[in-house]
Amino acid sequence: MKQASFRGTSLDDLRSFPEVARREAGYQIDRVQKGKEPTDYKPMPAVGKFVYEIRVEEPAGAFRVMYVAKFEKIIYVLHCFQKKTQKTAKKDIDLAKSRYRDLAMELRDEK
Numbered sequence: 060m061k062q063a064s065f066r067g068t069s070l071d072d073l074r075s076f077p078e079v080a081r082r083e084a085g086y087q088i089d090r091v092q093k094g095k096e097p098t099d100y101k102p103m104p105a106v107g108k109f110v111y112e113i114r115v116e117e118p119a120g121a122f123r124v125m126y127v128a129k130f131e132k133i134i135y136v137l138h139c140f141q142k143k144t145q146k147t148a149k150k151d152i153d154l155a156k157s158r159y160r161d162l163a164m165e166l167r168d169e170k
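Sequential numbering of the sequence shown, starting at 60, is according to the working numbering.
Worth flagging that the hints you see were computed from the coordinates, not collected in a lab. A few of these clues could be false.
As the list claims (entries may be wrong) - Quick list of in silico lysine to any residue cross-link-like pairs, SDA-like style, CA-CA up to 20 Å:
(1) LYS156 with LEU73
(2) LYS149 with ASP72
(3) LYS132 with TYR86
(4) LYS129 with SER75
(5) LYS142 with LYS132
(6) LYS146 with LYS156
(7) LYS146 with LYS129
(8) LYS142 with SER75
(9) LYS95 with ALA119
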């Protein structure tokens, strides 16, 4: 099973989800850690190659978890947020993109 690593404030953001959304997001992250696909997700090429978004819909609203799982041992959770409009807000895409770029630089420097 892959380890989950939360970037920036993503773990605190996930913990701020309402209980039902938090549990569902955690379940979906667990599926990814075990090498399975989430039940509702989509690619997010605007953030970066190999970045996906888990989609959680519940009575309190729409919640999203952006992650990258292309690495052998670790899933990196880039951003967790509540979606307020039909289209993903530019600030959410930009934040995830920035965290992905920082991650790529860190991993490159480790080599």
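Structure-based check of each hint:
1. Our distance criterion of 20 Å between C-alpha atoms is met by LYS156 and LEU73, whose separation comes to about 18 Å.
2. Annotation: proposed proximity of LYS149 to ASP72 holds, straight-line Cα distance about 17 Å (limit 20 Å).
3. The hinted pair formed by LYS132 and TYR86 meets the criterion: a straight-line CA distance of about 18 Å does not exceed 20 Å.
4. The hinted pair formed by LYS129 and SER75 fails the criterion: a straight-line CA distance of about 27 Å is larger than 20 Å.
5. A distance of roughly 29 Å separates the Cα atoms of LYS142 and LYS132; the hinted pair therefore is violated under the 20 Å criterion.
6. For the hint pairing LYS146 with LYS156, the CA-to-CA distance comes to about 16 Å; that is within 20 Å, so the pair holds.
7. With a C-alpha separation of about 25 Å, the suggested pairing of LYS146 with LYS129 is violated against the 20 Å cut-off.
8. Taking the CA atoms of LYS142 and SER75, the gap is near 13 Å; set against the 20 Å cutoff, the hint holds.
9. A threshold of 20 Å between alpha carbons decides the hint, and for LYS95 with ALA119 the separation of about 26 Å lies outside it, so the pair is violated.
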